[in-house]
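There are 2 protein chains.
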Amino acid sequence: MKKVYVAVSLNEQQKQRLENISEDLRLVYEKDYDANAIVGNVSPLELLKYKELEWLQTSAVGYDAYIKKGVLRPGVILTNAVDVHSQEVAEHAFVMMLMLIKKLHTYRDNQHEHIWQEEGKVKEIGKMKAAIVGFGNIGKRLAKLLKGLGIYVIGVKRTESAKPDYIDELYTSKDLDKAISDVDAVFTVMPGTKENVHLFTLDTFKMMRPDAVLINVGRGNLIAEDVLYEVLDKHIIAGLALDVFEKEPLDKNSPLWDYPQLLITPHAAGFFHLDSAFEAFLDLVSENLTRYAKGEELKYIVSEREA
Amino acid sequence: MKKVYVAVSLNEQQKQRLENISEDLRLVYEKDYDANAIVGNVSPLELLKYKELEWLQTSAVGYDAYIKKGVLRPGVILTNAVDVHSQEVAEHAFVMMLMLIKKLHTYRDNQHEHIWQEEGKVKEIGKMKAAIVGFGNIGKRLAKLLKGLGIYVIGVKRTESAKPDYIDELYTSKDLDKAISDVDAVFTVMPGTKENVHLFTLDTFKMMRPDAVLINVGRGNLIAEDVLYEVLDKHIIAGLALDVFEKEPLDKNSPLWDYPQLLITPHAAGFFHLDSAFEAFLDLVSENLTRYAKGEELKYIVSEREA
Numbered sequence: 001m002k003k004v005y006v007a008v009s010l011n012e013q014q015k016q017r018l019e020n021i022s023e024d025l026r027l028v029y030e031k032d033y034d035a036n037a038i039v040g041n042v043s044p045l046e047l048l049k050y051k052e053l054e055w056l057q058t059s060a061v062g063y064d065a066y067i068k069k070g071v072l073r074p075g076v077i078l079t080n081a082v083d084v085h086s087q088e089v090a091e092h093a094f095v096m097m098l099m100l101i102k103k104l105h106t107y108r109d110n111q112h113e114h115i116w117q118e119e120g121k122v123k124e125i126g127k128m129k130a131a132i133v134g135f136g137n138i139g140k141r142l143a144k145l146l147k148g149l150g151i152y153v154i155g156v157k158r159t160e161s162a163k164p165d166y167i168d169e170l171y172t173s174k175d176l177d178k179a180i181s182d183v184d185a186v187f188t189v190m191p192g193t194k195e196n197v198h199l200f201t202l203d204t205f206k207m208m209r210p211d212a213v214l215i216n217v218g219r220g221n222l223i224a225e226d227v228l229y230e231v232l233d234k235h236i237i238a239g240l241a242l243d244v245f246e247k248e249p250l251d252k253n254s255p256l257w258d259y260p261q262l263l264i265t266p267h268a269a270g271f272f273h274l275d276s277a278f279e280a281f282l283d284l285v286s287e288n289l290t291r292y293a294k295g296e297e298l299k300y301i302v303s304e305r306e307a
Numbered sequence: 001m002k003k004v005y006v007a008v009s010l011n012e013q014q015k016q017r018l019e020n021i022s023e024d025l026r027l028v029y030e031k032d033y034d035a036n037a038i039v040g041n042v043s044p045l046e047l048l049k050y051k052e053l054e055w056l057q058t059s060a061v062g063y064d065a066y067i068k069k070g071v072l073r074p075g076v077i078l079t080n081a082v083d084v085h086s087q088e089v090a091e092h093a094f095v096m097m098l099m100l101i102k103k104l105h106t107y108r109d110n111q112h113e114h115i116w117q118e119e120g121k122v123k124e125i126g127k128m129k130a131a132i133v134g135f136g137n138i139g140k141r142l143a144k145l146l147k148g149l150g151i152y153v154i155g156v157k158r159t160e161s162a163k164p165d166y167i168d169e170l171y172t173s174k175d176l177d178k179a180i181s182d183v184d185a186v187f188t189v190m191p192g193t194k195e196n197v198h199l200f201t202l203d204t205f206k207m208m209r210p211d212a213v214l215i216n217v218g219r220g221n222l223i224a225e226d227v228l229y230e231v232l233d234k235h236i237i238a239g240l241a242l243d244v245f246e247k248e249p250l251d252k253n254s255p256l257w258d259y260p261q262l263l264i265t266p267h268a269a270g271f272f273h274l275d276s277a278f279e280a281f282l283d284l285v286s287e288n289l290t291r292y293a294k295g296e297e298l299k300y301i302v303s304e305r306e307a
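Going down the list, the sequences are from chains V and U. For the first sequence, position 179 matches number 179 in the working numbering, and the numbering has no gaps at all. For the second sequence, position 163 matches number 163 in the working numbering, and the numbering has no gaps at all.
Isolated chain V (complex conformation):
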């Protein structure tokens, strides 16, 4: 009998579904340091307290915090929630871009000040070009949303592969500058790998068109904070929408909050805000609990560990 601590909030029906998977699993919903397995994102600082732990299933796709040295004992299996949040993150990024393009953030600001004032020209959706940097699960869903509106889509991928039918151009990372140099919107949806840390330098932003916008729903450390301030202060591009930051939560006194051309959301893009995301997570958990009970190899094992 294995004890599984389920650290996400479930209704009765959802509990029943997981409990029916195997008689060899005992599911508990309160913190239990004797658990053999954990489902959900628990504090990385607490993980060594789970002496019997064999497996951690996170509810996020990002796993940076769990592969740090001293967080998980060697031998503990880590699995992440691959593709579970892709649709919600893509939709969030997509609508943030449209909001910037149509100047609706500015109209909302004017509303706060009771200002009735038209704000000039905007872009026509179907005549836009967008680049998606990081063409994985989120990028693909984003591409489908953009193409649905007739937007020209350029993908940028780490490794070379065939261009899918539903995008217009596909580049590898070495041609990043070329890919982003003539688009209206750049979406950055890359994972938090070491090579992506501070990848977007001031020179990268200067490659973009001054009327372009950037939407980052990947990792906050893609852009160093001093670069971000310089881009904003010098108006290198027309607008930014950021859901992720180098330090989260963003400090209450951060000057970032007050840049009118910057739209901030609180790492909320992939937070189970779509019902379908949670359903997809439960599907994955069911699959992995089934495999766990049978002693089979789990889905989406993260083999990476920091030295």
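The set of hints was computed from the structure by calculation and includes no laboratory data. Computed from a predicted structure; not experimentally measured. Idealized CB from N, CA, C, for every residue including glycine.
Ranges of calculated distance between the beta carbons of each label pair, as one might list FRET restraints: (1) P74/U to S181/V: 52 to 62 angstroms; (2) E287/V to Y166/U: 37 to 47 angstroms; (3) E230/U to L48/V: 54 to 64 angstroms; (4) Q117/U to L48/V: 23 to 33 angstroms.
Got chain V; can you put chain U on it based on the hints?
The following block gives chain U in isolation, referenced to the frame of chain V:
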């Protein structure tokens, strides 16, 4: 030789294009009460001063102000800018809806207060249903944007006609209540006809789902102000986006500015904010100037006059 006062701002190339149409037309760009024709929206109060006026070509599709008694002398031809603004109005309405659905107005408000706080569930775009009330030129373009994202679209039209392929259902106005009763978003894009004044009563809003949003880019007098306040105060529906109001501009001290669930834009949806809208207007003006010079019947004549 006819004198045409062009009351819209043109660059040299655009002026040249219109001036090349006919040697029988003399175009002037400063106000001239001797003009035989006017292109653009001039003050209705001034029109009787143009003693030689034969034709007014407005730059808007709405013409309510020009058909009032005593504004145009009998016999003066009025033509309006049919379909010129449809795409920009549709896109503005479309993005306002998405912004509400994704709670980005709330995140922008939180940003003003430096509040890092996630705001809970949002709707999945491709699982939504929308109703478009007033299925004319704007409605059709709106439908195409919505269908591009997989949204289920119900059209509501004054007169009966065959359902176009690109929408899912089509109703006539008598079934308005049925059409809007189970959708996530209601778009109102009807013209300012008498039968539409205060058409949306409190009962209409109560027919809608409490989680639905309404986007009005048609006419402000669709909703009486007291109804609007009741809908907002009692949270009859989840959100509204209004580009038009009974009295415009909205008074600086209007309480409407401060409802968090109401997104306000200043009658800006169809303001030549897309380059293509102005190009479409110039195409229409060229066509009508050509016809005017030849003495032919003009395009889009408004025969309606208030008694």
